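Enquirer: What follows is each chain in one-letter form.
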Amino acid sequence: MATQATNIKVLLAKLGLDGHDRGIKVIARAMRDAGMEVVYMGMRVTPDQVAQTALQEDVDVVGISLLSGAHMRLVPRLIKAFQERGIAEDILLMVGGTIPEDDVEPLHEMGVQGVFPVGTFTTTMTDFITTNISRGRSAPQA
Amino acid sequence: MADHIDEQPKRSLSGLEVKPVYTPDDIANTDFARDLGQPGEYPFTRGPYPNMYLGRLWTRRQIAGFGTAKATNERYRFLLDHGQNGISTDFDHPTLTGYDSDHELAEGEVGRLGVAIDSVRDIDDLFLDIPLDKVSVSLTINHPAIVLLSMFLSVAKDRGVGWDALRGTVQNDSLKEFHGQKTFALGPRPSLKLTTDIVEFCTNHVPNWYTISISGYHIRESGSDAVQELAFTIAQGMAYVESAMERGLPVDSFAPRLSFFFGCHNDVFEEVAKFRAARRLWARIMKDRYRAQKPESMRLRFHTQTLGSTLMRQDPQNNIARGTLQALAAVLGGTQSLHVSGFDEAFDIPSEEAMRMSLATQLILAHESGVANTVDPLGGSIFVESMTNDIEEAAWEYINKIEDLGAGSLKQGMLQAIDTGYIEREIARSAYEYQLRIENGDQVVVGLNQYQSESTQKLELFQFDPEEEDWQKARLAETRSGRSAAAVKSALSSLKQAAQDDKNLMPPVLEAVTVLATEGEILDTLRDVYGEYVDPGVF
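Going line by line, the protein sequences match chains A and B.
The numbers in the working numbering rise by one with no breaks, and the one at position 13 of the first sequence is 13.
The numbers in the working numbering rise by one with no breaks, and the one at position 176 of the second sequence is 1176.
Chain B extracted, bound-state conformation (with noise of 0.2 angstroms):
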């Protein structure tokens, strides 16, 4: 196939018009003291640092979770071996929905995409050996968010680590469950007040822990373009803060302790732009908006993962190259933490090789490649900073969608957008419309529908232990018959009746993670109080 210049205007990835070359007039009503500023400085465009990666490199955090907490406790020391500097937990599905492993909803799924924890006793087996107080550590969970907490600041305080000494993040992105994810336990009002009892408890009682890690990642995994990831993260983030604030916390209390976590795509300019934009945006809301007043609460710091929906099974190892690529961007753009997705994603969760070549590859790119030398690399790109002014511009016809829904607040519009289905069908959309480019042979993807190859080279995939799921079961069953009844008993009734009363519920639930109650008796008493959530089948 010969190559040929297309008379059409470009797109990027998102459907953003690029042009075919980029004049300082692209950029003219842009102020660099205005709209970029210092790295380190408002509105954070370069970075929420002065010096970024010449400070310190990004961390090297890949996620991992499978099978029983002893099992994945050897894969973090394992990576820790290997280069890693931070632990970031994948959970299965039972507990990321706030079932214990019995129950009949997890049969098949036990440890299974993650590691599984139905008590306390499961939370100390996954950190065995690792010092709560100096490596940080990410929960990646977000209903049954305050469970998981409370275990791990139980087994830190039992093993006599003080609280203000933990550094790490809970995701605690109830919203996003939504459209994104989909690992709901409760309903959008109870999740929103759990996710709020939590930011209220750590900025009093834990405080240089991260309490929301507002995700666009799983919106952008959903199939959202880059746009709508930007604008539903930034929207959401505006719901939390609305709604601590509404608990009568100040907004510097909190907001220096809320990050970010975003999805990087193979559009390399677009991403960077969409990861400049971001800072910009979120810094001039907490400004204006807010009236935020320290810079640490208008600084926004990200995690970045790239997308396992981008990874082929055709030619897998293709895969090595879009995760470098994802990588890079990322970097350009800033992020502070990376996980980069292991190659054989698309057959199952990742192998072992495929975890140390993911980390290899942020290793490169921090050693080999240059890109850490200079702050902002690409700062003053003509079509970087056009890019960054158009992504921001889109994100705001977005936010002031939802505002509107909301009559003036964020908060009650997201939960009307959620409740309308609007988020979930507009991601819907994007996905849909992005398969059909893939299949009309618009979007060219290499390997599946252009340039396939003959090669049918075998992995060596990661192999799960069935028997894992039998030991947790029985685990589950010690742990019960091992506990005092009546201390459990007596704990979840006065769970109830402080969610009745309103209370923020992270002191009731310490209480009952204490005496081993399990994170799926946990949920059920607040199911019991604020009823299930059903999945609407929106599409």
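Just chain A, same shape as in the assembly (with noise of 0.2 angstroms):
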């Protein structure tokens, strides 16, 4: 059952000093146009900052985008901080960008839920989330 994307929040951001950022300003549009609602942090932030805001603004998901090949480093510190705030049960997390195929699954174990390479369409990125929020605000519904 999926659930109403008017109901899902989601925030994204870009972690380190990384400066490609088309592509989640294009899935900002989209899912905004898909009906969420979108915070998006910009760039520059920590894994600490992430999840300071994922706490306050009570967010289901989160997407990450990195294309500095960093990723391997930075996302378990981001993991570690959702789970110092005890929410990494909470959220949803997504990472994409430059991601070579052999760290998906490492990432996967890490507990990144959604792993989007570039090319990945907007709708596989929505779907996904319609798919799979199925807690708190965002009760499943028909």
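What the hints contain is simulated information worked out from the structure, not anything from laboratory work.
Quick caveat, the model's predicted, so the values are computed rather than measured.
No residue lacks a Cβ here, since even glycine has one placed at the ideal position from N, Cα and C.
Keep in mind that a hint or two might mislead.
As the list claims (entries may be wrong) - Pairwise CB distance ranges (calculated):
#1 A:Thr53 / B:Gln1443: 32 to 40 angstroms
#2 A:Asp48 / B:Gly1531: 17 to 25 angstroms
#3 A:Val104 / B:Lys1287: 50 to 58 angstroms
#4 A:Arg85 / B:Asn1208: 51 to 59 angstroms
#5 A:Met72 / B:Asp1442: 33 to 41 angstroms
#6 B:Ser1493 / A:Gln113: 45 to 53 angstroms
Mind docking these for me? Both chains are given alone in their own frames, and the hints should help you get the complex.
Expert: Quick look at the structure:
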């Protein structure tokens, strides 16, 4: 059962110094047009800032974009920051960007639910969200 | 799927109407003498030089940078041995944004997408055994350009190479950092001041150096269309010209040392028209608006990089065909130098093998295709001339709008356009619309949304050595412990004073790098005076 997109709140951010923000801005528009509430933190944020904002804004989904190759270093720190705030279980975590094939499975094992390499259609991501959100404010609907 | 004749008019990649067939009526208002002229003559539509590639082929300048300066220096020498004749430096994100390799935000990015530079010692390593008076060097850096250029000048001086013998470019295009590339270190106004400091200093002391590479490439990679790329780039250039003239520099003293940098997409004729329109636009603006007298001030010359954003993960070998098309368009458009992106760049920075193929693509174009045998081979094509006119006209609409935002000043207009997020939003809109066209099938991308193959061939990708980050941090620590702390403190404090007094900052930065102040320390000093810039998160 898919959730109505209008009940879903998404936090998007870019970790580290990476400046490649074309993709995440496209995704922000696509999610907004799909009816989701989008909070875009912009670039150069730290894992702690993302986790703190996710907690304060009470979001359902966190989407991180990395085209810097630093995903295997920064994503574990983000998940740790979620755990420290007790929100790791409440958030659907998605990571996208230049993610080599070999890193996809390790990211899943770390606790990233969705990994989306460059070229992924925005509809694939919005569908992924509506299919996988089934908690709290966004209770499953027909 | 059967081929069919579409009843709808075709559109170029950027949405310009393309007719089924062109007749002389389509360029009835074009006056060949006025609007094209001879190659090498105003308005330079047909090329900046009379003989173009018959005189000298374009410079094959593949950008490279990864890991430490020593590792990158090896790649440079590999490329020079394989037919390259210019160097272009790619810096890592910490260097591009003005942070040292041991800064918290730098974690995982040191040497990752470019070479890591912390002090003048790294620049010395980067150009080991490379004759700085013979090989032209492009320093691809923007807000910290003043630091990297100072390091380069300092190394040249130490090696006994006179500054007048240096031929090269520093990108130094501060304004595009707020809507393309996004590796800003400071806000729009202070970074524009630094850009102008470099123009002023080099005009007086490094006479053959290209002081700004006014860049559309990153705007295009960020998702703009061809018209936006052209318009925003020209508008940036106008802002720099006005800023330098406000300093009291005569336009003809610095304008000949401005150059341009564009991307090149797959729509061959649109790209050729864009390059030709760029030359004509710039020539007219420099002559009519800024009253330049020297032809060299009006003559637009540019570097081209084929677009990484057109490269697909699906069937990556197809990207070799895309790179060839884009490179062909750049050459037909009269580029002065060229980088062909690696076919494997949807996965990581290019492997050595991919760079060898990119260089081979350039050599095949140069020596086997015949396209370099005559000047402006598409000049006079009704379609190309018509599209050149259309792109020039469409670009004017944006430029006029930015001029209005600045009440007649392009410098103020660009600052306004950046402050309000206007340019970033325009580009994001185009990027989104293009993505939707791919997703709904209106724009075919072979292997992605049509003609998918089952091929699962694995590429030999670039292998990053994570120990390079530790090595770089250790070297930075060694630099810090081996220098005079008092000299660094004094140099940084002079820099701070000069910034507060609004002086040209090249001399104090040169002094600071000489006593081994690091890039991050110098930028921290400037951030201290000018404040930090935070991405507004516009989309």
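Enquirer: Taking the Cβ atom of B:Ser1493 and the Cβ atom of A:Gln113, is their distance within the range 45 to 53 angstroms?
Expert: At 51 angstroms between Cβs, range holds.
Enquirer: Against the range 51 to 59 angstroms, how does the distance between the Cβ atoms of A:Arg85 and B:Asn1208 compare: consistent or not?
Expert: holds (57 angstroms)
Enquirer: Does the Cβ pair A:Thr53, B:Gln1443 satisfy 32 to 40 angstroms?
Expert: holds (35 angstroms)
Enquirer: Does the hinted range 17 to 25 angstroms hold for A:Asp48 and B:Gly1531 at CB?
Expert: Roughly 22 angstroms apart at Cβ, these two residues keep to the hinted range, so it holds.
Enquirer: Looking only at beta-carbon atoms, does the pair A:Met72, B:Asp1442 fall within the given range of 33 to 41 angstroms?
Expert: 37 angstroms Cβ-Cβ, so the 33 to 41 angstroms window holds.
Enquirer: In this structure, is the beta-carbon distance linking A:Val104 and B:Lys1287 contained in 50 to 58 angstroms?
Expert: holds (55 angstroms)
The structure is consistent with each of the numbered hints, conforming to all of them.
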